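4 protein chains.
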Amino acid sequence: MEQGFYKDSIVLLEGVIEEIVARLNVIRQYKKVHNDRDPIEYIFSRVKSEDSMKEKLKRKGFEVTLENALTKIYDAAGIRIICSYIDDVYSVVEMLKKYSDLKLIKEKDYIKNPKENGYRSYHLVFEVPLDIAGEIHPVFIEIQIRTIAMDFWSNLEHQMKYKHDIKNPELIVSELKQCADEIATTDIKMQAIRKMINNS
Amino acid sequence: MEQGFYKDSIVLLEGVIEEIVARLNVIRQYKKVHNDRDPIEYIFSRVKSEDSMKEKLKRKGFEVTLENALTKIYDAAGIRIICSYIDDVYSVVEMLKKYSDLKLIKEKDYIKNPKENGYRSYHLVFEVPLDIAGEIHPVFIEIQIRTIAMDFWSNLEHQMKYKHDIKNPELIVSELKQCADEIATTDIKMQAIRKMINNS
Amino acid sequence: MEQGFYKDSIVLLEGVIEEIVARLNVIRQYKKVHNDRDPIEYIFSRVKSEDSMKEKLKRKGFEVTLENALTKIYDAAGIRIICSYIDDVYSVVEMLKKYSDLKLIKEKDYIKNPKENGYRSYHLVFEVPLDIAGEIHPVFIEIQIRTIAMDFWSNLEHQMKYKHDIKNPELIVSELKQCADEIATTDIKMQAIRKMINNS
Amino acid sequence: MEQGFYKDSIVLLEGVIEEIVARLNVIRQYKKVHNDRDPIEYIFSRVKSEDSMKEKLKRKGFEVTLENALTKIYDAAGIRIICSYIDDVYSVVEMLKKYSDLKLIKEKDYIKNPKENGYRSYHLVFEVPLDIAGEIHPVFIEIQIRTIAMDFWSNLEHQMKYKHDIKNPELIVSELKQCADEIATTDIKMQAIRKMINNS
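Protein chains in written order, with the working numbering: chain A, 1 to 200; chain E, 1 to 200; chain U, 1 to 200; chain B, 1 to 200.
Derived by calculation from the structure, the hints in this document are not laboratory data.
There may be inaccurate statements among the hints.
For identical chains, the list gives no copy identity; a pair is met inside one copy or between any two copies.
Calculated lysine-lysine pairs in the DSBU-like style (CA-CA distance at most 35 Å, straight line) [unchecked claim]:
| hint | residue 1 | residue 2 |
| --- | --- | --- |
| 1 | K31 | K58 |
| 2 | K58 | K72 |
| 3 | K72 | K32 |
| 4 | K60 | K112 |
| 5 | K32 | K7 |
| 6 | K32 | K167 |
| 7 | K115 | K177 |
| 8 | K163 | K31 |
| 9 | K58 | K163 |
| 10 | K7 | K167 |
| 11 | K195 | K163 |
| 12 | K58 | K32 |
| 13 | K54 | K195 |
| 14 | K189 | K56 |
| 15 | K167 | K31 |
| 16 | K31 | K56 |
| 17 | K115 | K195 |
| 18 | K195 | K103 |
| 19 | K31 | K54 |
| 20 | K32 | K97 |
| 21 | K58 | K7 |
| 22 | K31 | K161 |
| 23 | K167 | K60 |
| 24 | K163 | K115 |
| 25 | K97 | K56 |
| 26 | K161 | K32 |
| 27 | K177 | K72 |
| 28 | K32 | K54 |
Since the structure is predicted, the reported quantities are computational estimates derived from the model, not experimental observations.
When you get a sec, could you build the whole thing from the sequences and use the hints?
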């Protein structure tokens, strides 16, 4: 039953990424041509690895099947959008919500309401009707939108989470939390300076 | 009135190419995963140059405006799909016609009915509803599908057409015509050998 | 002993490909800017798979070690260059031989002297001094140069070779041989027409 | 005399970028395979625009010629390397200095000695012997290496410099200077946390 489930799902997951990235590229060009600010700096994407997908399905009590991989896991296909400024993050969120064929499944603003450890980011999950020569496959995609500074912080925090034999976890966690707050303050200052430059 | 018409249209024309190429990439992967033959060897694309677009509009008696560039010219955005075998060409044609949101505007089978000079190729024109953050822009795209051999021939024929001071045009035209027929025969033979290999 | 040999060798093999492809890109641009014909249509590359490398080492009686993978196999890193015309093939060969740091190890002109089955192509093997931050690693690379038509034929012939249960192998081999000769004739004709167009 | 100087120089400038980026890609892979940290996050490159090149030559009192473009301007070809941590910046610098064929022309450590406005970055200029099918062309390249945070700051500072009608320049300059110092402090803290995580 497990056999081949990944090979089959990966093509749909990569397909949905390809489709959304194509739309993002088009809109970025469109904004540039119309002298609008392109709010995006970088786009990254990944399909969850076979092992993580199996592990997540089992942890949630589901059978490891293609159907469950596509219907029970929201972040099997993931796109991360990095912006320079906080305003850009919200402008990307608004942009994505305007596509009438993307069904919004979940929305979390971890910028206004950061996680306890200091994590900041905006998360959206959409259901995308992927069209493969006339067959429509509904596929979920998770889109995380954050500033460069939030991303930098989050990469370091991620390293800590995946190291299991750390000596002073409490110290590191509290240092990380403090850095997250300082980075958030810098983000707000840089945004303010940018406004001063553009409005003057 | 002419000012800026190209800058505005190019983003829609490149957008429609990006969208269709994304779909082709998805379907190619889908076929590979399902042990179906991927019928495509190469995909090329181009947006018509500003000068050719202006020239074409004027020649057809239209004003040079953005609206006319997008509604009167079918091949402002073009994709060329190169296949190894003739059967693959027809399989790509069938594949493309299955997308329910692509409106077929024009269809020409220059393989069954080659042009007088020997030109062989399958031409499709679709109207694509390009979605830019909720705004739908209908844009035409011309898709030419041909074998490697037809493409090779056509590139040489193209060189001749754009050289204006040729000494023996009749001789070259007749040599090219003869080569086109030989290439068509080779295409059919190679297709037959392929069937022999696969069916045996 | 076998453990890890592939992971270590692959980075050098991909490195040598990256280096040679960068040089080819530079020279192609250089020719375009100087109104010289760019003789190259497509560039493909591949690193031999782990299984083929092991199989080849064993078949030749060598131990499966990193050193042997890099010093006994000439085609572990391979580049294929596809040209439109026969003259272009020879011009690429001349171009490559001009790099004074590439040491020519082997050279075979299967265009002037086709293989018995009809195979045509020009093969070069170079030893490249790959510089990784000051450490020089000598790595072999095999470069195959051929026309579009030779490549098309060779892809079909390759399919036959890897199908083991073919019913009429003699018939197919003889049909393929005949097609190879016809394709070679067409290549010569197309080259002649090109000369007629350019010289007139 | 000015005619065509850009078309000719651009191919050498793009060539030297292509060559150095290929080497960086190889070394990044090499480090990954050997379980060494890949110190690079992003690589950007650009060739100076025709107008800036002309302007710079004139400002420095040189004639606008191909030779001067290639021998008097150090940053006509530029690569920017972005690292996560300060240690990574220095490790990239060491790496680049190990290539024996790259001649170091200029070196500035604006991290240890920031510019007055707060700018931090490490600058290297190399003379690269670009090999085009046996012809050696010496070409300069400027490589800027900085952290993500330094890069973010510098992009905002750059926007200010190119806006000429700013109302409160002194206020913005002083705010930017203060932000630069805070960002530098965060960089050092994040580096320290990373060491704590890795060494524990």
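Going through the hints against the structure:
no. : hint        : verdict
1   : K31 / K58   : between (43 Å within a copy, 29 Å between copies)
2   : K58 / K72   : within (11 Å within a copy, 47 Å between copies)
3   : K72 / K32   : between (38 Å within a copy, 25 Å between copies)
4   : K60 / K112  : within (29 Å within a copy, 51 Å between copies)
5   : K32 / K7    : between (38 Å within a copy, 10 Å between copies)
6   : K32 / K167  : between (49 Å within a copy, 26 Å between copies)
7   : K115 / K177 : both (10 Å within a copy, 30 Å between copies)
8   : K163 / K31  : between (42 Å within a copy, 21 Å between copies)
9   : K58 / K163  : within (23 Å within a copy, 41 Å between copies)
10  : K7 / K167   : between (40 Å within a copy, 32 Å between copies)
11  : K195 / K163 : between (40 Å within a copy, 13 Å between copies)
12  : K58 / K32   : between (45 Å within a copy, 28 Å between copies)
13  : K54 / K195  : between (47 Å within a copy, 33 Å between copies)
14  : K189 / K56  : between (39 Å within a copy, 34 Å between copies)
15  : K167 / K31  : between (49 Å within a copy, 27 Å between copies)
16  : K31 / K56   : between (38 Å within a copy, 28 Å between copies)
17  : K115 / K195 : both (28 Å within a copy, 24 Å between copies)
18  : K195 / K103 : within (33 Å within a copy, 43 Å between copies)
19  : K31 / K54   : between (40 Å within a copy, 24 Å between copies)
20  : K32 / K97   : both (20 Å within a copy, 33 Å between copies)
21  : K58 / K7    : both (18 Å within a copy, 32 Å between copies)
22  : K31 / K161  : between (38 Å within a copy, 23 Å between copies)
23  : K167 / K60  : within (31 Å within a copy, 52 Å between copies)
24  : K163 / K115 : within (20 Å within a copy, 38 Å between copies)
25  : K97 / K56   : within (28 Å within a copy, 38 Å between copies)
26  : K161 / K32  : between (39 Å within a copy, 21 Å between copies)
27  : K177 / K72  : within (32 Å within a copy, 49 Å between copies)
28  : K32 / K54   : between (42 Å within a copy, 23 Å between copies)
The structure fails none of the hints (numbered hints given earlier).
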